[in-house]
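Engineer: Construct the complete structure from the given sequences, taking the supplied hints into account.
Residue numbers (the working numbering), protein chains in the order written: chain X, 1 to 223; chain Y, 1001 to 1225.
Think of the hints as simulated: they come from the structure by calculation, not from any bench. Treat each hint with caution, since some may be false.
[As the list claims (entries may be wrong)] Okay, the calculated beta carbon distance ranges per label pair:
#1 X/T121 <-> Y/G1064: 24 to 34 Å
#2 X/E209 <-> Y/W1014: 36 to 46 Å
#3 Y/G1212 <-> X/A185: 15 to 25 Å
#4 X/D13 <-> Y/Y1187: 28 to 38 Å
[Stated by the list, open to error] Which residues of chain Y face chain X? A partial, calculated answer using Cβ under 7 Å:
#5 I1180
#6 V1192
#7 S1196
#8 L1198
Ideal Cβ positions, reconstructed from N, Cα and C, are used throughout, including at glycine.
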Amino acid sequence: MTTLTGTWEWLTDPAHWSGPDGVWRRLLQHLVLTVVCLAVSCLIALPVAVVLGHLGRGGALAVNLSNVGRAVPTFAVLVLLLLTPIGAWGKGPTVVALVLFAVPPLLTNAYVGMREVDRDTVQAARGMGMTGRQVMFHVELPLSSPMILNGMRIAAVQLVATATIAALAGGGGLGRIITAGFNLASTPQVVAGAVLVAVFALIVEGLFEVAERLAPPWARGTP
Amino acid sequence: MTAPPDDCLARNEWICGDYLSTRREILLDAVGQHLRLTSVSVLIALALAVPLAVLARRWGWAAGPVLAATTILYTIPSLAMFSLLLPLYGLSATLVIAGLVLYSLTLLVRNILAGLRAVPEETRQAARGMGYGPVRLLLTVELPLALPAAMAGLRLATVSAVSLVTVGAIVGFGGLGNLIYAGMNTYFKAQVLTASVLCVVVAVAADLLLLGVQRLITPWTRARA
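Structural biologist: Below, the structure is given as structure tokens:
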């Protein structure tokens, strides 16, 4: 009970929200980091996956990459990067680790989406005189967009989680409130930070849910 | 005064044989803690997931809420999950185990349920026709047929748990993560790299072990190959 009221007091104290270590600043860092890394990861993963999917090559690689990604601990990679020359670039280790872990799910989902497009549909498009490039952009890509969107959702939630762990390796973001709470031995602050991160992650998940509902009919996944 | 030793430890190299020989016990302890945390949490998650999936299969209405609840838990970042459980368990190994159990639940429930749903209706009808009651049907027909999907979920959950244990370093129960955390603060490169590599080795070994178990307990899936 005391923890609950303590957490509430921490969260409702305006002093904790302003300033360089305040919630607003950490939230902004978390958001910017997530959005930038998602954009970079999409720019890297999607063209590769779409072309590979169109050609029907490298599938095993794309799928295995995603499984290997689960076995490698994010925290370990973050610390390893921190101790290499990349560590001198400030946000370098965090960005590199975040992108490294967000690329596999994006790649796998987009690749599988491209391959799952009905072969008869592709044949029909071909028969109507479409070139390979037209088939890729006007048939396969739109039809695989539900899977691509789903990959972006997985990557985004994972980025939020990884950005939290970055605080353990000296990065910014909402995780910093939790680690600072541990250093101060302040359970209310630790729990308050955890609540903020959890709410943020759930909002990101919810936004993608809305995006999937608002998407055009062919871009909606099967219910 | 003796000169400082000129070995790879003193030069702080990434790969260092002396580190392996001098810190053997520390490394073994960390691997042991890593394995204990992983296996205990995955086993507890499995014990919870099987009944949840069976109930969700039996009562269709329960499937939605069960899947939604476990998926929401999965969305919460690991560091936040450990922190949210802090008031309940304090700074203990139980805290890390509780967090990992909640993570593994999603993967396990989802896969076991998918496996149960994939059992052909004809098979169930045939078993009923042979006089199988609901319990016998579940234990001798449905669960064995759901094994391949369930094992796929178990492998995913185990590999993810091995990697997530490292975050437990924040409360001092992170297995190899403890060494990585300590190595980060002291810029001890050999320790960080060795512990990271060991972590991946443990994950791959656990995955291969479960793959072997899967092949042993589902001989019928190999008959056609």
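Engineer: For each hint, tell me whether it holds in the structure or not.
Structural biologist: Hints, verified against the model:
Between X/T121 and Y/G1064 the beta carbon distance is about 32 Å. The supplied range of 24 to 34 Å therefore holds. Between X/E209 and Y/W1014 the Cβ separation comes to about 43 Å, which falls inside the hinted range of 36 to 46 Å. The supplied range of 15 to 25 Å is broken by Y/G1212 and X/A185, whose beta-carbon atoms lie about 45 Å from each other. Taken as a hint, the range 28 to 38 Å holds for the pair X/D13 and Y/Y1187, whose Cβ atoms sit roughly 36 Å apart.
The restraint placing Y/I1180 at the interface with chain X holds, with a minimum CB-CB distance near 5 Å, inside the 7 Å limit. About 5 Å separates the beta-carbon of Y/V1192 from the nearest beta-carbon of chain X, less than 7 Å, and the hint is met. At a threshold of 7 Å, the smallest CB-CB gap from Y/S1196 to chain X is about 4 Å, leaving the interface hint in force. About 10 Å separates the beta-carbon of Y/L1198 from the nearest beta-carbon of chain X, more than 7 Å, and the hint is not met.
The structure is inconsistent with the numbered hints 3 and 8, although it conforms to all the rest.
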